[in-house]
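Please model the entire structure based on the sequences and the hints provided.
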Amino acid sequence: ADCASLEEVFQIQVQGLDIEETYVVSSQLREVKLVRLPKLKHVWTKYREGNISFENLQIVSILECWSLKSLFPFSIAKDLQQLERLGIDKCGLEEIVSKNVEVSDEQEIWLAFNQLFFLVLGNLPYLTCFYPGMHRTTWPTLKKLRIYNCRRIKIFGHEESQIGQSLFLIEKVIPQLEEVSLRLGDIAMISDAQFDADLFYNVKFLRISCDFNVPTIFPISFLRRFYNLEGLEVVSCNFKELASIKSDACEDKDMIITNIRHIWKQGSPLDHICASLECLELWQCGNLNNLGLELSFSENLTTIDVFKCNKMLELITSSKARSLVCLVTMRIRECEMMREVIASDEDDTSYEIVFRALKHLELHCLQSLTSFCSGNYTLRFPSLEQVTLSQCPKMKNFNQGELITSKLHKLWLTKTEFKGRWAGDIKATVEQLYKEQVGYRVLQHLKFSKFPELIDIWSRNPHEMLDFTTLKSVEVCDSNNLRYIFNLSMTFSLGQLRQIEIKRCGNLKQVIKEEGSITMVEEAITYSSKIISIFPHLQSIIVESCLDMTSFYLGSKGLECPSLVEIKVIGCSNMTTFVSTFSRDEDKEAIIGEEVDNVATFFSD
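Residues in the sequence shown are numbered from 97 upward in steps of one, following our numbering.
Honestly, I wouldn't trust all of these hints.
Here are the simulated lysine-lysine pairs, DSSO-like style, with alpha carbons at most 27 Å apart [said to hold, decoys possible]:
(1) K605 <-> K568
(2) K503 <-> K543
(3) K568 <-> K523
(4) K492 <-> K543
(5) K599 <-> K568
(6) K129 <-> K239
(7) K490 <-> K186
(8) K174 <-> K268
(9) K490 <-> K511
(10) K568 <-> K490
(11) K490 <-> K416
(12) K523 <-> K546
(13) K503 <-> K490
(14) K416 <-> K503
(15) K490 <-> K407
(16) K546 <-> K492
(17) K240 <-> K129
(18) K546 <-> K407
(19) K137 <-> K165
(20) K543 <-> K531
(21) K511 <-> K568
(22) K664 <-> K609
(23) K492 <-> K407
(24) K250 <-> K174
Since the hints were derived computationally from the structure, they do not count as laboratory data. Since the structure is predicted, the reported quantities are computational estimates derived from the model, not experimental observations.
Written out as structure tokens, the structure is:
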């Protein structure tokens with residue numbers, strides 16, 4: 097993992113010997129895990145069939161290897177009889193198995209994965225095929241199939257279809273699956289075809305995703321085919337609502353929803369379908385303001401998990417919160433605009449809210465949160481045992497009224513810490529954390545527009561309040577108070593930084609300024625006395641409309657950012673040189689103005 101220059105893993109070559117004279121060696125390797133290798137081009141290279149067998153491989157996991165175009169040579173793939181788990185995510189793969197050069201284009205090849213039960217293909221924007229030629233695959237033990245954000249490859253087809261080669265035949269693989277991912281196009285194809293009524297009998301978890309963010313209606317009638325469904329996940333779909341056909345479908349146990357405006361209206365068929373719903377997860381629902389609806393199923397909910405719902409102002413109103421009698425876990429994370437969890441209901445005449453079963457409460461990275469409940473209610477948590485509060489720098493108090501938490505004796509700042517914080521009760525602890533400005537210290541996503549109070553501290557001494565080791569993104573917009581963002585010594589603390597975005601900063605001259613001692617710089621020199629490596633995980637730099645900026649960095653040393661994929665510089669008329677010396681792959685593009693730049697003079701090395 098995290099080897100920025102690695103290009104090959106297994107270089108297998110027998111020098112000076114004929115293949116017929118070479119003994120076959122059976123490797124005992126059982127697991128291959130490759131993570132964040134930005135320059136990896138081959139896992140197996142110079143492989144000659146007969147040298148060595150990898151037939152004992154059971155687990156292969158590949159993550160964030162964007163230069164990798166193909167995973168298995170054909171000669172390796174045909175012997176993977178023991179492979180049980182294959183996971184590939186966030187890679188540049190165009191194919192899974194490379195072409196067998198010894199086979200003609202007209203000849204069909206067979207690939208059998210007889211022990212594979214778990215397959216994940218995610219975020220593979222360039223994947224077009226499993227194998228670039230005529231082929232058949234068998235997956236007799238496959239149970240869990242997760243495929244998402246792989247828009248160029250055809251996942252499902254059926255035996256009568258003649259349109260392109262798909263990864264799976266519906267008739268062959270669906271009946272054995274317990275977990276499956278379907279796109280809306282797959283649902284349309286299945287709905288139009290004549291398949292057996294029990295095609296999805298074994299499916300317990302269904303994931304539905306969309307290829308395009310266009311408004312559509314959730315296909316409720318399709319759920320009638322799933323007799324034993326326990327979980328439903330809806331991802332990247334711009335559904336207007338979950339609507340509208342009467343159905344006697346399954347009683348779901350779990351639901352995960354993203355990109356939706358309304359959960360569903362009162363009286364919707366989903367009231368019946370989800371009568372036994374226990375787990376509700378809302379992820380990246382950019383238009384959702386709250387759960388403001390008549391939750392007919394809320395009495396059975398045990399888990400609510402809300403993630404990146406950036407327009408959500410509050411989770412639920414006080415009157416509806418009382419119906420969450422079985423709720424055990426509440427998690428709310430990275431909701432930029434959320435000001436409180438429970439909002440006062442104008443029609444609410446009661447003065448007490450009781451969460452009888454709630455044991456775990458997590459509030460994470462809620463930049464606008466000021467209180468759990470601002471109304472003057474008595475809150476009772478008789479079962480509450482764990483509260484995790486992190487990166488909520490504006491939270492001044494927990495609530496206004498009386499608070500009763502008989503089992504709670506610690507407040508945790510992270511999930512992994514052992515000490516916790518406690519000032520006698522949770523209200524006093526939250527107030528103490530606010531006074532000490534603890535919420536700023538472990539920020540992962542720093543947006544100065546959200547925290548204008550940090551501008552003066554940042555320009556004076558950012559280490560005074562912030563822990564740089566946790567920062568993953570920095571966004572500076574519409575600020576005229578900064579002449580530079582980082583000095584060079586600061587950059588060595590930003591090991592997790594992945595994105596820098598700077599827009600409309602009128603007085604900004606440089607992003608990185610070289611000043612002071614260069615002892616740390618010298619220690620970080622990689623392969624020569626002229627190049628230093630910084631930001632090991634940085635992938636994107638965006639600079640826009642900074643009229644006084646002359647360079648990103650102009651110092652005595654050159655820079656290397658080993659994971660950098662994208663550079664965008666737009667509307668910076670005085671910028672003549674991005675950096676004095678910059679090490680980058682020639683095939684990676686930079687957008688300069690409105691054009692794609694591959695001109696070396698902008699990187700004056």
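Hint check:
| no. | hint | in the structure |
| --- | --- | --- |
| 1 | K605 <-> K568 | 23 Å, holds |
| 2 | K503 <-> K543 | 36 Å, violated |
| 3 | K568 <-> K523 | 30 Å, violated |
| 4 | K492 <-> K543 | 20 Å, holds |
| 5 | K599 <-> K568 | 18 Å, holds |
| 6 | K129 <-> K239 | 21 Å, holds |
| 7 | K490 <-> K186 | 34 Å, violated |
| 8 | K174 <-> K268 | 20 Å, holds |
| 9 | K490 <-> K511 | 20 Å, holds |
| 10 | K568 <-> K490 | 20 Å, holds |
| 11 | K490 <-> K416 | 25 Å, holds |
| 12 | K523 <-> K546 | 24 Å, holds |
| 13 | K503 <-> K490 | 26 Å, holds |
| 14 | K416 <-> K503 | 24 Å, holds |
| 15 | K490 <-> K407 | 17 Å, holds |
| 16 | K546 <-> K492 | 16 Å, holds |
| 17 | K240 <-> K129 | 19 Å, holds |
| 18 | K546 <-> K407 | 14 Å, holds |
| 19 | K137 <-> K165 | 7 Å, holds |
| 20 | K543 <-> K531 | 21 Å, holds |
| 21 | K511 <-> K568 | 18 Å, holds |
| 22 | K664 <-> K609 | 20 Å, holds |
| 23 | K492 <-> K407 | 21 Å, holds |
| 24 | K250 <-> K174 | 22 Å, holds |
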